[in-house]
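A.B. asks: Listed below, chain by chain, are the residues.
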Amino acid sequence: MDITNLTITEIIDGYKEKKFSVSEIVSSYLERIEKLNPELNAFITLDAQNAKKKAKDLDSKTPNGALYGIPLGIKDMFLTKGVRTTASSNVLRDYIPPYSGTVVNVLEEAGAISLGKLNCDAWAHGSSGENSDFGNTLNPWNKERVPGGSSSGSAAAVAASLVPFSTGTDTGGSIRLPASFTNTVGLKPTYGLVSRYGVISMASSLDSIGHFSKTVEDSARILNVTAGADGYDSTLAKRDKENYMEDLKKEIKGLRIGIPKEYVSDALDKDTKQAFEKSIKALEELGAQIIEVSLPNTDHAIATYYILQPSEVSSNLARYDGIRFGKDRSYFGKEAKRRIMLGTFTLSSGYYDAYYKKAMQVRTLIIKDFKDAFEKADALVAPVSPTPAWKFGEKADDPLQMYLSDLLTVPINLAGVPAISVPAGFSEGKLPIGIQFIGPHFSEKLLFRIGSQFESKTEHYKELPNL
Amino acid sequence: MKIDVKKVSKLSNLTLTDKEEKEFDEQLNDILHYIEQLNKIDTTAVEPTTQVTGLKNITRSDEHIGGMLPPEESTSGTEKKHNNMFVVDKLVETNE
Chain S
1 MDITNLTITE IIDGYKEKKF SVSEIVSSYL ERIEKLNPEL NAFITLDAQN AKKKAKDLDS
61 KTPNGALYGI PLGIKDMFLT KGVRTTASSN VLRDYIPPYS GTVVNVLEEA GAISLGKLNC
121 DAWAHGSSGE NSDFGNTLNP WNKERVPGGS SSGSAAAVAA SLVPFSTGTD TGGSIRLPAS
181 FTNTVGLKPT YGLVSRYGVI SMASSLDSIG HFSKTVEDSA RILNVTAGAD GYDSTLAKRD
241 KENYMEDLKK EIKGLRIGIP KEYVSDALDK DTKQAFEKSI KALEELGAQI IEVSLPNTDH
301 AIATYYILQP SEVSSNLARY DGIRFGKDRS YFGKEAKRRI MLGTFTLSSG YYDAYYKKAM
361 QVRTLIIKDF KDAFEKADAL VAPVSPTPAW KFGEKADDPL QMYLSDLLTV PINLAGVPAI
421 SVPAGFSEGK LPIGIQFIGP HFSEKLLFRI GSQFESKTEH YKELPNL
Chain W
468 MKIDVKKVSK LSNLTLTDKE EKEFDEQLND ILHYIEQLNK IDTTAVEPTT QVTGLKNITR
528 SDEHIGGMLP PEESTSGTEK KHNNMFVVDK LVETNE
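If you read the protein sequences in the order shown, they are chains S and W.
Mapping the first sequence onto this note's numbering, position 136 (from 1) lands on 136, and the numbers just tick up by one.
Every number in this note's numbering is 467 more than the matching position in the second sequence, counting from 1.
Any given hint could be a false lead.
[What the hints assert, rightly or not] Listed next, with one range per pair, are the computed distances between beta-carbon atoms:
{"hint": "1", "chain 1": "S", "residue 1": "Lys376", "chain 2": "W", "residue 2": "Glu514", "range": "18 to 28 Å"}
{"hint": "2", "chain 1": "S", "residue 1": "Arg256", "chain 2": "W", "residue 2": "Lys547", "range": "56 to 66 Å"}
{"hint": "3", "chain 1": "W", "residue 1": "Leu536", "chain 2": "S", "residue 2": "Lys391", "range": "39 to 49 Å"}
{"hint": "4", "chain 1": "S", "residue 1": "Glu394", "chain 2": "W", "residue 2": "His549", "range": "41 to 51 Å"}
{"hint": "5", "chain 1": "S", "residue 1": "Gly82", "chain 2": "W", "residue 2": "Glu514", "range": "39 to 49 Å"}
{"hint": "6", "chain 1": "W", "residue 1": "His549", "chain 2": "S", "residue 2": "Pro38", "range": "54 to 64 Å"}
{"hint": "7", "chain 1": "S", "residue 1": "Lys56", "chain 2": "W", "residue 2": "Glu503", "range": "23 to 33 Å"}
[Said to hold, decoys possible] Distance condition first, Cα-Cα at most 25 Å in a straight line; then the derived DSS-like pairs of lysine-lysine:
{"hint": "8", "chain 1": "S", "residue 1": "Lys53", "chain 2": "S", "residue 2": "Lys35"}
{"hint": "9", "chain 1": "S", "residue 1": "Lys337", "chain 2": "W", "residue 2": "Lys523"}
{"hint": "10", "chain 1": "S", "residue 1": "Lys334", "chain 2": "W", "residue 2": "Lys473"}
Worth flagging that the hints you see were computed from the coordinates, not collected in a lab.
Cβ coordinates follow ideal geometry from the N, Cα and C atoms, glycine included.
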């Protein structure tokens with residue numbers, strides 16, 4: 001039995017049945033990383049010795065914790081005490097944090113074991129992973145193609161079964177886009193559900209902390225651990241703990257699922273359109289009532305996002321002055337420089353009202369679009385990307401073209417609502433295609449229910465890349 | 468509107484090569500042109516959104532909640548330190 005193709009649930013069952021020990025699981029994933037990572041470049045820092053030690057320690061104890069003995073990879077935007085954290089930028093090439101972020105802490109307390117840090121676009125700026133100062137991560141499904149970004153390593157690592165799950169950040173699509181390019185499940189929770197404490201800030205009014213897994217069930221299990229206020233992030237809503245796994249088996253008969261008509265335009269590539277239509281058919285067969293809804297301000301989302309996000313980026317990256325940590329500002333890569341300057345411009349004296357304030361107003365209109373849509377529909381369904389994964393270099397020289405690839409993910413961040421990207425099939429050339437389910441604020445349980453029912457019926461997640 | 472890359476790079480504390488300056492001039496103004504499409508939208512009487520889930524005045528009791536780093540650890544990210552304090556360039560001119 002290959003014990004590196006397992007889901008979290010399967011590993012937990014295996015422990016119960018004493019099929020393998022935690023040390024055996026950790027060692028086999030580390031062996032797989034050793035074999036495949038030199039080419040894929042998903043991990044940029046390995047923490048093998050610590051992982052083996054923790055595994056041995058857990059083996060000597062009674063199993064305890066929702067993620068007992070489950071290996072994971074951590075996007076290099078999350079601070080990890082004593083383990084190099086770079087944001088995949090040369091500025092932080094040698095930075096070793098003195099503390100860990102909340103999500104890292106709670107995952108470890110639940111028994112999860114980090115195998116190391118995962119590559120991403122530097123500072124999480126990008127849609128392809130190509131902005132990393134640590135080289136490209138390859139897409140396990142087709143090594144000439146991008147894995148999607150910014151969480152490139154997180155997506156590739158789960159797709160290639162280097163780990164059963166990984167953490168990610170989603171500011172404009174950085175979890176859902178790579179999930180859809182790699183046949184993995186990617187969750188972007190509601191803004192303010194998961195703590196950002198100890199995660200390197202990108203754009204503070206948009207940053208959302210999520211994860212990648214092979215199945216929707218695993219995704220719900222992870223959110224059970226990561227969701228909730230920690231006292232360190234004041235944007236977290238104080239809410240009662242929910243059990244996100246509760247409704248996974250509940251049927252979706254009668255649920256009203258809306259297709260935003262602006263998301264299924266002619267811009268969709270042929271295979272993506274076909275996979276989307278097939279997915280709609282599957283939802284109908286599950287008894288969902290499919291309706292059309294409208295999000296009229298969709299066309300303005302990228303423009304709004306590319307004012308708000310760089311403005312906030314310019315402010316957050318101002319702290320990197322080489323005094324307290326990291327190297328000086330000459331080490332910033334081109335994309336960070338572009339965003340810092342764009343944001344400095346839109347926030348500068350005399351332009352603030354014309355750009356930043358204007359964008360905050362349009363954001364209000366975009367939020368209203370979603371509110372109106374959720375009056376008619378319980379949840380929405382849409383493609384994640386207009387096309388499957390593109391080739392390396394195809395958009396790298398044209399920033400605006402790269403920005404436009406987030407057309408179908410960015411509005412969700414502006415509205416602060418949750419969305420989950422789920423495998424939806426393949427293109428003719430065997431490239432993964434994803435769809436996303438989108439719900440009102442704090443409706444994660446409903447999204448897991450829909451996602452889980454869809455996944456059980458379609459089972460696309462069972463297909464693995466040929467490595 | 469047009470972005471003056473030289474001025475903005477100075478404000479951002481970024482040093483650019485001549486080549487970069489030219490490249491960014493083109494790219495940033497291209498992006499600016501794109502984002503100016505928002506000018507077409509009527510936003511009179513529309514409130515700006517600053518917090519998307521509607522939270523307001525989040526406070527906590529004024530008590531020490533732990534998690535403070537000792538000085539040796541909070542200065543561990545740099546080699547430029549003195550007695551557990553960060554060393555910075557001199558900012559104030561003196562008449563000596």
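A.B. asks: Does each hint hold? Answer for all of them.
C.D. replies: Now the hints, each set against the structure:
{"no.": "1", "hint": "S/Lys376 - W/Glu514: 18 to 28 Å", "result": "holds, 24 Å"}
{"no.": "2", "hint": "S/Arg256 - W/Lys547: 56 to 66 Å", "result": "holds, 60 Å"}
{"no.": "3", "hint": "W/Leu536 - S/Lys391: 39 to 49 Å", "result": "holds, 45 Å"}
{"no.": "4", "hint": "S/Glu394 - W/His549: 41 to 51 Å", "result": "holds, 50 Å"}
{"no.": "5", "hint": "S/Gly82 - W/Glu514: 39 to 49 Å", "result": "holds, 45 Å"}
{"no.": "6", "hint": "W/His549 - S/Pro38: 54 to 64 Å", "result": "violated, 42 Å"}
{"no.": "7", "hint": "S/Lys56 - W/Glu503: 23 to 33 Å", "result": "violated, 59 Å"}
{"no.": "8", "hint": "S/Lys53 - S/Lys35", "result": "holds, 21 Å"}
{"no.": "9", "hint": "S/Lys337 - W/Lys523", "result": "violated, 33 Å"}
{"no.": "10", "hint": "S/Lys334 - W/Lys473", "result": "holds, 15 Å"}
In terms of the numbered hints stated before, the structure departs from hints 6, 7, 9, listed from lowest to highest.
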